[in-house]
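Asks: Going line by line, the protein sequences match chains C and G.
Start counting the first sequence at 1; every next residue gets the next number (the numbering used here).
Start counting the second sequence at 484; every next residue gets the next number (the numbering used here).
Take these hints with a grain of salt, some might be off.
Across the chosen pairs, the derived CB separations fall in these ranges [unchecked claim]:
hint, chain 1, residue 1, chain 2, residue 2, range
1, C, P348, G, A529, 29 to 39 angstroms
2, C, G272, G, S510, 53 to 63 angstroms
3, G, V492, C, A295, 47 to 57 angstroms
Not close to chain G: a few residues of chain C, all C-beta gaps over 12 angstroms, as computed [what the hints assert, rightly or not]:
hint, residue
4, P79
5, R93
6, A94
7, F384
Honestly, the hints are just simulated from the structure, not real lab data.
Computed from a predicted structure; not experimentally measured.
By construction, the Cβ of each residue, glycine as well, lies at the ideal position given by its N, Cα and C atoms.
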Amino acid sequence: MNDPSALTVNDPTALTLREAAAAIAQGALRAEALVDACLDRIERLQPKLNCFIRVTADAARERAREADRAVKAGRKLGPLHGVPLAHKDMFYRAGEVCSCGSKIRAAFVPDHTATVLARFDAAGAVDLGRLNLAEFALGPTGHNDHFGRCKNPWNPEHITGGSSSGSGAAVAAGLVFGALGSDTGGSVRLPAAACGLAGIKPTLGRVSRYGAMPLSHSCDCIGVLARNVGDCARLLAVIAGPDERDGMSSRNPVEDYERGLEDAGSAGALAGVTIGVPSRYYYDGIDAEVAELLAASRGVLEKRGAKIVDVPIGDHAAVNDLAGTMVMAEGAAVHLPWLRECPQDYSPQVRARLLAGAGLPATLYLQALQARSQLLDEILRDTFTKCDVLHIPVLKQPVPTGAETDVRGSAAMAAVLAQIVAATRPINYLGLPGLSVPIGFTRNGLPQAMQLVGRPFQEGLLFRIGAAYEAGAGRRSERPPLN
Amino acid sequence: MSVGEGDGVDRAAALRALVADTGVSVSPAEADAMVQSLARFQAALASLLHQPSFDETIERFFRLLETGAAKGASR
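Let the hints inform the model, and build the full structure from the sequences given.
Replies: What follows is the structure in structure tokens.
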């Protein structure tokens, strides 16, 4: 990390999250100046990217001034003191509209605040507003019939990935330093990959879901996107941990993720780490250019001391469909009253996907749930006894265009969407943590990523490997040429 | 022809009727897509090498998840 006191802060939005936090804490940068720089950038780039649903400029400026007063007064500061963030518009803040990317909830005002927002507030973060997303977080491309498609900062013709589309675009464009997303089938990892960011879907239960819009209680995870792995680690550390208001949140201790990154830059940082490449499914049918980038990323990991081995894996095509069974059935149950009362207020794609769950027999849904422990047992026993983490793609193809994936509710919809989530959704079914890390660009100029998947609650190890890769590949936060 | 009519059972019509009972109306095209999803999900379950055992509980998944970090570490 650069020494923040030595920074020439011409463009403070170009700092990393941790650099910005350090600069504010040391008095080298005023939080208000940083917030103003972000707001200027939002004003300039929002028409091009459509990543914000609402900007809360006045509240953000006031909070930034408070942050500056706290620094001057020598008060104890949190790890995100004065740092501008913004979040997918599905996390409730008491008294503020939360649209969930939908027409149905366009005027919904919750009476309570999500635990994740409260934890960011307590850590000193400055919330700049609400970010675009797929309608009800159900869609992996970034299309939204109600708020418009969110555009990829690397090329607006291409998708951002979804459903946390605005989170991907806003962080990649340097409008904020990090963002919350939710990941039910890949909705953090896909936009992170498509926008050139680090993004983590933690273990199921690692982060409280209290106050977050539900889609599938068996698969929903709250995660974060940031410009590099270390920034991601800091954000997750703030929101991870038990919450008495979420009965499914885990009491497993939270590691000190950042401490684990201290030697990530050393040549042998990954000595003793075994990285597994699955023998089937995840690399089947992969685009040649993407496969080449993934192979090169394994070369970097190997040079940092990791051992790369082939590992067996079960039938994850079936796992992917079982995940679909659970998500669609649980989603349909949540949405049934609105499907009955105002079906015309859903976009055709979201309605069609929810209806697919409405017709599933309860026995099939319960069997999908019942098979889960067996399949988790199988991967822990047969795969994770031979490696520490899996190395797989996030997207098996180069990031497609908006036009190529604008399938709405057509007959082609299921196949197009299934291809996008093929490498991410099985991980949700198994409840495992997955980290998306940028590994370069395909010839279309769009980013690509590797996905590191670990045993339950091994987020710290994923961060360590991701940060060692960044150091080995000489990658810092790369920003799209938007100016 | 709707999906599934080949064996004399119009599954799409049956599904439409089933969902209509919950008060949700479904178009014929949507019903066809529902039948396809159902078939895919059923095939996924059938393709598992080992069917979940009679004694398998849903709760066991969460226990495995909680203790899974340590599992497999002994290589």
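Asks: All hints are to be evaluated individually against the structure, with a verdict given for each.
Replies: Tested hints:
no., hint, result
1, P348/C with A529/G: 29 to 39 angstroms, "holds, 30 angstroms"
2, G272/C with S510/G: 53 to 63 angstroms, "holds, 57 angstroms"
3, V492/G with A295/C: 47 to 57 angstroms, "holds, 48 angstroms"
4, P79, "holds, 24 angstroms"
5, R93, "holds, 29 angstroms"
6, A94, "holds, 30 angstroms"
7, F384, "violated, 4 angstroms"
Consistency with the previously given hints fails for number 7 only.
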